Amino acid sequence: MSLRLEDLSWSVDGRLVVDGVDCTPPTGALTGLLGPNGAGKSTLLRLVAGVVRADRGGAVLDGEDLLALRRRERARRLALVEQEAVAEVPLTVRDAVLLGRTPHGGPWAGTSRHDLEVVDAALAEAGAGELADRVLGTLSGGERQRVHVARALAQEPRLLLLDEPTNHLDVHAQLDLLHLLRGLTQRGVTVVAALHDLNLAASSCDHVVLLARGRVVAAGGVRDVLTPAVLEPVYGVRCHVLEHPVTGRPVLTFDPLGGPGAHGAVAR
Amino acid sequence: MTGGSSVPAAPRAVPAGLLAGIGVVALALSVTVAVTIGPADIAVTDVWRTAWHHVTGAPGAPGMDALRDGIVWQLRFPRVLTAAAVGAGLALAGAVMQGLTRNPLADPYLLGLSGGASLGAVAVLVLGAAVLLPVAAFAGAVLALAAALGLAGSLGRITPARTILAGLAVGHLAAAGTSFVIFWSATGDSYREILAWLMGSLAGATWGSVAIAGGALVALGTLLTLSGRTLDAFAFGDTAASALGVEVDRTRWALLTVVALLTGALVAVSGSIGFVGLILPHAVRLVAGAAHRRLLPLSALAGATFLVWADTAARTLFEPRELPVGIVTAFLGAPAFALLLWRHRSRAGALG
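From first to last, the protein sequence lines are chains U and R.
If you're matching positions, the first sequence starts at 1 in UniProt numbering and goes up one per residue.
If you're matching positions, the second sequence starts at 1 in UniProt numbering and goes up one per residue.
For the record, the hints were derived by calculation from the structure and aren't laboratory data.
Any given hint might turn out to be false.
Claimed, not checked - Using C-beta positions, here's what the derived DEER-type ranges look like: (1) U:V86 - R:W342: 22 to 28 Å; (2) U:L257 - R:L173: 42 to 48 Å; (3) R:A16 - U:G236: 53 to 59 Å; (4) U:E232 - R:L173: 44 to 50 Å; (5) R:A211 - U:D133: 31 to 37 Å; (6) U:A121 - R:W342: 34 to 40 Å; (7) U:A124 - R:R345: 28 to 34 Å; (8) U:A229 - R:A169: 53 to 59 Å; (9) U:D120 - R:A16: 49 to 55 Å; (10) U:A121 - R:R345: 32 to 38 Å; (11) U:V12 - R:R345: 50 to 56 Å; (12) U:D120 - R:P104: 39 to 45 Å.
Claimed, not checked - Some but not every residue of chain R turned toward chain U, in silico, with C-beta under 10 Å: (13) S30; (14) R102; (15) N103; (16) G237; (17) L295; (18) E319; (19) P320.
Fair warning: this is a prediction, and the values are worked out from it, not measured in the lab.
Note that CB positions come from ideal geometry on N, CA and C, so glycine has one too.
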């Protein structure tokens, strides 16, 4: 039982953006989706979420092809937290999280007591309980991201996809958010997050998938994938891997290809 | 995005249920009082006795002669009820359009509907066939809708931006056609008639108008009101709505068509009355929040009450002359909206 992406492909104007991606992010784990800009991370997440229709391939969760499901059924199994989701109207946090109940009620149904209970639980789990009555536009970036996660949790998903959830967050908010995501994995939710920051992935992820030009270059444990041999050709940089003094996890440092100081940027 | 961050909370001071109750009572009172206002003296009790008499066949109000009975039942009631139905429909259609296109400037006429309706109406007015006016206006609106949706759809997926641009193109083409017809063939009397219609007017509303506007409101407006939950899912855009299980394209086509048909029916009886569909949803949002489940029914109630009073002002302020109600909606509504914006400036900040 797991999530299995099979030969997922999507092209636009004859250009392959996602090119036959196969991978199996482990269940109940935090998987980091890594890769340079334009590697196809966001698109891959949208393909799995069924928001963009894949040209071919499948995404199988616990033996069920997600892409063959009706949209509504799919939205009860997986949730997507987009990058930079902004509302044009002054929505309260509770109303925003209540949107997560959309796939559970009929289109004409009202809000049930159960919906409200799930919303409260989602807010609490995302650490956003005290924000419930505030207007979304008045929150800080970190608070807003928690609300988006709470909205996704209100869908009661088994699979949570996040597109660069730590963008524009300060380091404290970044760590907070990853802590929250790790908490979700503890109760069995499979989390796949596109991440830009390789060190954040190194410190938090159970599993990483590295994409380049729409293909999987490497996938596996953090120590197996985040190595100079794998990263240097993909990012076009020099890379050294150190060891975190406390956690023992890898810490990465980067330099231009010619070696440290190659562009004269480092003081002698 | 940090604008207004000094405001910690936006407590919803009045629960939605209470607001709806207040809205219903205010509308009922407004209709009653509006019927009494005018040159002939009518008491509030006469209004309901007359209505009761005509609906059930019970004896009418004492002292109501045939003339006054006719004024109440044949003139004022149809007009006030048409105003209520048109106001409710426009505010509802505007709120749905704004949600669907995520554009605060969207209004019920967005798909070139007022342009199409005007062209149809002006054409028959110039031809001297005023009887056909509602039919021609509705036909014009539907043609404009078909052209705008066809254009937007032919560009690929029907996104908010494409919807708006296609509506603009069709609307301007129809407006040019209207101007051309007026310029080429309108003469003395028809000018005035045309101008009144273009600015929106409820003069001459009959029970037939009530049936058209009210029927459209009941059939199509109910459908829209019930779609609140689906519309809410669009709050964070198409991708988010899709990820929440909404069939984005199909929903947008369906709701745009329903809005347009409703608006077409309203335009056919009243001309294009501006302001109600654009501003009232914003006013209600400021008071009751942006969630469509609350916004839609409250907008309909507020729009109905507002237009009843605007039309009452239009027919009485400069008696015996009538103003086109579109002038009054803007004169009454713009300052009221400015006041509301100012009183709720914290929330207005959160508008972005």
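Structure-based check of each hint:
Separated by about 25 Å at the C-beta atoms, U:V86 and R:W342 satisfy the suggested range of 22 to 28 Å. Evaluation of the 42 to 48 Å hint for U:L257 and R:L173 yields a failure: the beta carbon distance comes to about 58 Å. Taking 53 to 59 Å as the suggested C-beta distance range, the pair R:A16 and U:G236 conforms, at roughly 56 Å. Taking 44 to 50 Å as the suggested C-beta distance range, the pair U:E232 and R:L173 does not conform, at roughly 59 Å.
For R:A211 and U:D133, the Cβ-Cβ distance of about 44 Å falls outside the hinted range of 31 to 37 Å, so the restraint is violated. Roughly 39 Å separates the CB atoms of U:A121 and R:W342, a value that falls within the hinted 34 to 40 Å. Between U:A124 and R:R345 the Cβ separation comes to about 32 Å, which falls inside the hinted range of 28 to 34 Å. In this structure the hint that U:A229 and R:A169 lie 53 to 59 Å apart at CB holds, the actual value being about 57 Å.
Distance hint for U:D120 and R:A16: a CB-CB separation of about 19 Å, inconsistent with the stated range 49 to 55 Å. At roughly 34 Å, the beta carbons of U:A121 and R:R345 sit within the given window of 32 to 38 Å. The beta-carbon spacing between U:V12 and R:R345, approximately 44 Å, falls outside the hinted interval of 50 to 56 Å. In this structure the supplied range 39 to 45 Å is violated for U:D120 paired with R:P104, their Cβ-Cβ distance being about 31 Å.
At a threshold of 10 Å, the smallest CB-CB gap from R:S30 to chain U is about 28 Å, leaving the interface hint violated. A distance limit of 10 Å between C-beta atoms decides the matter here; for R:R102 the minimum to chain U is near 5 Å, and the interface restraint holds. For R:N103, the interface hint holds, since its Cβ comes within 10 Å of a Cβ in chain U; the closest pair sits about 8 Å apart. With a least beta-carbon distance of about 7 Å to chain U, the hint placing R:G237 at the interface is held under the 10 Å criterion.
Restraint check, R:L295 versus chain U: the minimum CB separation of about 9 Å is within 10 Å; hint holds. Interface hint at R:E319: violated, since its Cβ lies 41 Å from the closest Cβ of chain U, which is beyond the 10 Å cut-off. Evaluation of the R:P320 hint against chain U yields a violated restraint, the C-beta minimum of about 44 Å exceeding 10 Å.
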